[in-house]
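J.: Guided by the hints, dock chain H onto chain F, whose structure is given.
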Amino acid sequence: MSVSLFEKQSVHSPLATVLQRAGEIILGKDQQIKMAMCCILARGHLLIEDVPGVGKTTLSHVLASLLGLQYQRIQFTSDLLPADVVGVSIFDRETSTFRFHPGPIFSQVILADEINRASPKAQSALLEAMEEHQVTADGETMKLPEPFFVIATQNPAHHIGTFPLPESQLDRFLMRIKLGYPDKAAERALLKGVDRRDLIARITTAMSVKELASLQEEVTKVFVSDALVDYVQALILHTRDSAHFEMGLSPRAGLALLRAAQSWALMSGRNQVLPEDVQTVAPAVVGHRLRPVTNGDIKILDPAQELIRAVPIP
Amino acid sequence: MLNQSALTLANITWLLAAMAFVVAPHVARLPIWVSLVCVAAGAWRWWIARHALRVPPWWWMGLIALAVATGARMEYGRWFGREVGVALLIIMLCLKILEMRMKRDAMIPIFMGFFLAMTNFMYSQTILMGLYMFICVWIFIAALIGFNRINTEATLKERLVPAGWLLLQAIPMMLVLFFLFPRLSGALWSMPQDESSRTGLSDTMSPGDISKLSVSEAVAFRVEFDGAVPQTEDLYWRGPVLGEQDGRAWRMYPVATRTKLNYVPQGTSIHYRVTLQPHNKPWLFALDLPAAAPEDAYFLADFQLRSRTPVTNLKAYDITSHLRYTVGAELGAKELQPYLNYDARLNPRTIAYGKQLRQDIPEPKALVEALLARYNKEFDYTLQPPRLGANPVDEFFFDTKKGFCEHYAGSFVLLLRAAGIPARVVTGYQGGEINPITRQLVVRQAEAHAWSEVWFTDLGWVRVDPTFAVSPLRINRGMSEAFGPIGVMNTLIDADKLGLLRQIAFSWDAMNTQWNRWVVGFSQDRQRDFLEGLGMRDVDWRSIAIWLIAGVFATGGVAGMFLYVRALHTRKEPIVAVYERLCSKLAKTGVERAPHEGPVDYWQRLQQIQPKMAQKAAPLFETYVALRYAASGGEPKRNVRDFAWRVRRFRVA
Numbered sequence: 001m002s003v004s005l006f007e008k009q010s011v012h013s014p015l016a017t018v019l020q021r022a023g024e025i026i027l028g029k030d031q032q033i034k035m036a037m038c039c040i041l042a043r044g045h046l047l048i049e050d051v052p053g054v055g056k057t058t059l060s061h062v063l064a065s066l067l068g069l070q071y072q073r074i075q076f077t078s079d080l081l082p083a084d085v086v087g088v089s090i091f092d093r094e095t096s097t098f099r100f101h102p103g104p105i106f107s108q109v110i111l112a113d114e115i116n117r118a119s120p121k122a123q124s125a126l127l128e129a130m131e132e133h134q135v136t137a138d139g140e141t142m143k144l145p146e147p148f149f150v151i152a153t154q155n156p157a158h159h160i161g162t163f164p165l166p167e168s169q170l171d172r173f174l175m176r177i178k179l180g181y182p183d184k185a186a187e188r189a190l191l192k193g194v195d196r197r198d199l200i201a202r203i204t205t206a207m208s209v210k211e212l213a214s215l216q217e218e219v220t221k222v223f224v225s226d227a228l229v230d231y232v233q234a235l236i237l238h239t240r241d242s243a244h245f246e247m248g249l250s251p252r253a254g255l256a257l258l259r260a261a262q263s264w265a266l267m268s269g270r271n272q273v274l275p276e277d278v279q280t281v282a283p284a285v286v287g288h289r290l291r292p293v294t295n296g297d298i299k300i301l302d303p304a305q306e307l308i309r310a311v312p313i314p
Numbered sequence: 001m002l003n004q005s006a007l008t009l010a011n012i013t014w015l016l017a018a019m020a021f022v023v024a025p026h027v028a029r030l031p032i033w034v035s036l037v038c039v040a041a042g043a044w045r046w047w048i049a050r051h052a053l054r055v056p057p058w059w060w061m062g063l064i065a066l067a068v069a070t071g072a073r074m075e076y077g078r079w080f081g082r083e084v085g086v087a088l089l090i091i092m093l094c095l096k097i098l099e100m101r102m103k104r105d106a107m108i109p110i111f112m113g114f115f116l117a118m119t120n121f122m123y124s125q126t127i128l129m130g131l132y133m134f135i136c137v138w139i140f141i142a143a144l145i146g147f148n149r150i151n152t153e154a155t156l157k158e159r160l161v162p163a164g165w166l167l168l169q170a171i172p173m174m175l176v177l178f179f180l181f182p183r184l185s186g187a188l189w190s191m192p193q194d195e196s197s198r199t200g201l202s203d204t205m206s207p208g209d210i211s212k213l214s215v216s217e218a219v220a221f222r223v224e225f226d227g228a229v230p231q232t233e234d235l236y237w238r239g240p241v242l243g244e245q246d247g248r249a250w251r252m253y254p255v256a257t258r259t260k261l262n263y264v265p266q267g268t269s270i271h272y273r274v275t276l277q278p279h280n281k282p283w284l285f286a287l288d289l290p291a292a293a294p295e296d297a298y299f300l301a302d303f304q305l306r307s308r309t310p311v312t313n314l315k316a317y318d319i320t321s322h323l324r325y326t327v328g329a330e331l332g333a334k335e336l337q338p339y340l341n342y343d344a345r346l347n348p349r350t351i352a353y354g355k356q357l358r359q360d361i362p363e364p365k366a367l368v369e370a371l372l373a374r375y376n377k378e379f380d381y382t383l384q385p386p387r388l389g390a391n392p393v394d395e396f397f398f399d400t401k402k403g404f405c406e407h408y409a410g411s412f413v414l415l416l417r418a419a420g421i422p423a424r425v426v427t428g429y430q431g432g433e434i435n436p437i438t439r440q441l442v443v444r445q446a447e448a449h450a451w452s453e454v455w456f457t458d459l460g461w462v463r464v465d466p467t468f469a470v471s472p473l474r475i476n477r478g479m480s481e482a483f484g485p486i487g488v489m490n491t492l493i494d495a496d497k498l499g500l501l502r503q504i505a506f507s508w509d510a511m512n513t514q515w516n517r518w519v520v521g522f523s524q525d526r527q528r529d530f531l532e533g534l535g536m537r538d539v540d541w542r543s544i545a546i547w548l549i550a551g552v553f554a555t556g557g558v559a560g561m562f563l564y565v566r567a568l569h570t571r572k573e574p575i576v577a578v579y580e581r582l583c584s585k586l587a588k589t590g591v592e593r594a595p596h597e598g599p600v601d602y603w604q605r606l607q608q609i610q611p612k613m614a615q616k617a618a619p620l621f622e623t624y625v626a627l628r629y630a631a632s633g634g635e636p637k638r639n640v641r642d643f644a645w646r647v648r649r650f651r652v653a
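Just so you know, the sequences run in chain order F and H. Sequential numbering of the first sequence, starting at 1, is according to our numbering. Sequential numbering of the second sequence, starting at 1, is according to our numbering.
FYI, nobody ran anything at the bench for these hints, they're computed from the structure. Virtual Cβ for every residue (Gly too), placed ideally from N, Cα, C.
Cross-link-like lysine to aspartate or glutamate pairs, in silico, EDC-like; alpha carbons within 20 Å at most:
(1) Lys572(H) x Asp642(H)
(2) Lys143(F) x Glu131(F)
(3) Lys34(F) x Glu218(F)
(4) Lys157(H) x Asp241(F)
(5) Lys260(H) x Asp296(H)
(6) Lys401(H) x Asp209(H)
(7) Lys637(H) x Asp226(F)
(8) Lys572(H) x Asp226(F)
(9) Lys34(F) x Asp183(F)
(10) Lys572(H) x Asp230(F)
(11) Lys281(H) x Asp209(H)
(12) Lys34(F) x Asp601(H)
(13) Lys143(F) x Glu132(F)
(14) Lys34(F) x Glu49(F)
(15) Lys281(H) x Asp318(H)
Here are the simulated distance ranges between beta carbons:
(16) Tyr564(H) x Leu255(F): 32 to 42 Å
(17) Ile160(F) x Arg605(H): 41 to 51 Å
(18) Pro251(F) x Gln169(H): 33 to 43 Å
Only chain F is shown next, with the shape it has when bound in the complex:
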């Protein structure tokens, strides 16, 4: 049996629609949109990092709307309290009991804007929910709705008034992507075109929750061969042995890499993962988990590319 790899595959049509419509609003960023979608299909949380004004928030709005998910936006500020995220218990006079008023976190998609502007306390309220898919308030544990994922945006760490997320919390985001400035043609179209906010308001759902859930299920079934596991292991091992990185990748990072690669393979219309899939998602998956050694002469600008180039495919 052979697989035809070299002709354009017919991608699942609702997925194609999502990607196409998102591309109509966020111009010239097809690859980033695809990567964000890949992250969602892999059931991962997404972190979008870039300077203000390149469309981070727009992208998260567009994706949530297109997927027809119930979403809440939390604008993180330095005085945000955990209760503002999770919710508060208020005394009900009629029943003489405390009643829990759920916070914005109880929705399918959370748009956590400028997450690194909040204090670590508020950040951790969100991040705990991300990992456990549940929140605890007043000693009571409450399940969060399904699907549940967070699209967080943040400004680059060196900007004024930011609390950089520690490694342990960065690790909870499956991917971190950067948008970057649009190219010349896209920017021109943007400047001449309609207001993006109007476009978002007009978005109609392109994929049902059921379709999304089944795609997420399919991702886990994309075949991973022993040879590919060897490759992922070689990559992880290299980060642990190499003198170029301060810390190696965790097992969780390895799982994330594999799952993201599965998701990418599915979006490329394949039911087996290739080393190329791993290489494509690697910058987004490991970029925020690897800290290159900065002292000395060696200065790695792109740790993920460095990693890929250094490890031969077994």
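T.: What follows is chain H alone, placed relative to chain F:
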């Protein structure tokens, strides 16, 4: 410029360091300007590498080479010979590095460096030199490894560790070649000597010659006795016999040669084996008096033992001597006449005293005894004798009365001749030190000595040592005990109460002995003995050659087996091997797969550059991806074999 990538600063620095190491032992022998040219060339090359400059143009190099070669010709006066050859080789090596433009050019200095390492053995064949050259070769291999790295710079560890392994792996083959390579009758590094500048006795003796030697700790020869070692006072190692007195100096008479000495032995004979350090002179040393000359040697009429060729390499010979003997009693006046001659223009007081003595004491034996008594009473033995003027014997005998063996032997013989008694000076070595580990007697230059032989009617030639009369300790106990510390080694040995340093010194000497026997002196004969000891019969060069070839194949085979077994352990999956074959075939189109490039990426790149080839290879890539990454059912083994067959049939052309 073509590919300059290999000529990085680090690689150049390594090459220069390796060259400095290998040239360093030569520096003391080179003219100073040659060393300066080398340093200048090295510094220049380093500067070029440091600042990525261009190398000097060819005609410039040509002019420099011409100038330096002319300089060498003027310095040495010839083109051929060891000294000038080594000097030219070093100069050419240093100029060659200025011509390096690409990786290939760096190979020439490195291989010249290996050759230059060998030239050091023309001057010194000690253990230390062997170790030093081992290190030199190690550094050169480390430099070679650096030049062969692609893209990345080799670290210190990445150079030295594999280089060391390569050297260690070469040892079995080295041993096979060393023991089995057919030997010539001389050592490999015996080259025509330019100058004789080694320490040792010479064929003339003037005051101060032997006392100069007496501070040298260098080994003159080593002796293994078959039986017990004789008493120290019997250990007179006979060297040049000096019969002619010529002003201040004593010289050798041109005397007839003999194949056998006629003497009447008394007492038992002793057998021993002498291993003589090269001293560039033809004489050999034996205990008074040797019975028969070894092969390649003969006697002179004055009982000197001589080799037919100068001893330029370590020489070993077996010999038998009798310590008690009667010799020359039959000689007549004609044969003895040369031993009565003296230079009458010098030393008038001594000559007059000798003549007077004969008138006072006509009996020769009584005269000799009276003279020895006078030496004993009035003279002092010293290693720092006062300087002597125009009539040295007069001044020594009547004024200073302080001297070394050559003063005693010289004045004694002159006095006897003036008195009309035949006498002559004999030089050689006296005594020796027993190494308790090897049971060998080690005779050093410090043991150089001069004594006299006097002819009496009926008795013939009798050894008389006037130094013994002055300082019996010198003869009885040996040099170092009579005179305390001589040289650094002895100072240490004497300071050491526990004897540990002495033990080390003797162990070191024992090691040197083994080295001399098994490495430097591994001659044709030694090789034959060794191989016969291993059970080989009828050893000739043909059988050695056959064993050599067999040995080379055997060591090569063992190494090959080792590599094969290791390859089995780390063998790749068959599918990967087949895929790599496909990639290497496609690499001929100029599109080579990078190690980190996946199959689809590689195929897409191929399609952009070689679309036709990509179309042709597409099914193979699809099969590979399916076999390696897809959840393929069926019989994968058969599929892999089928894939391998298709790849084998795939043609790039």
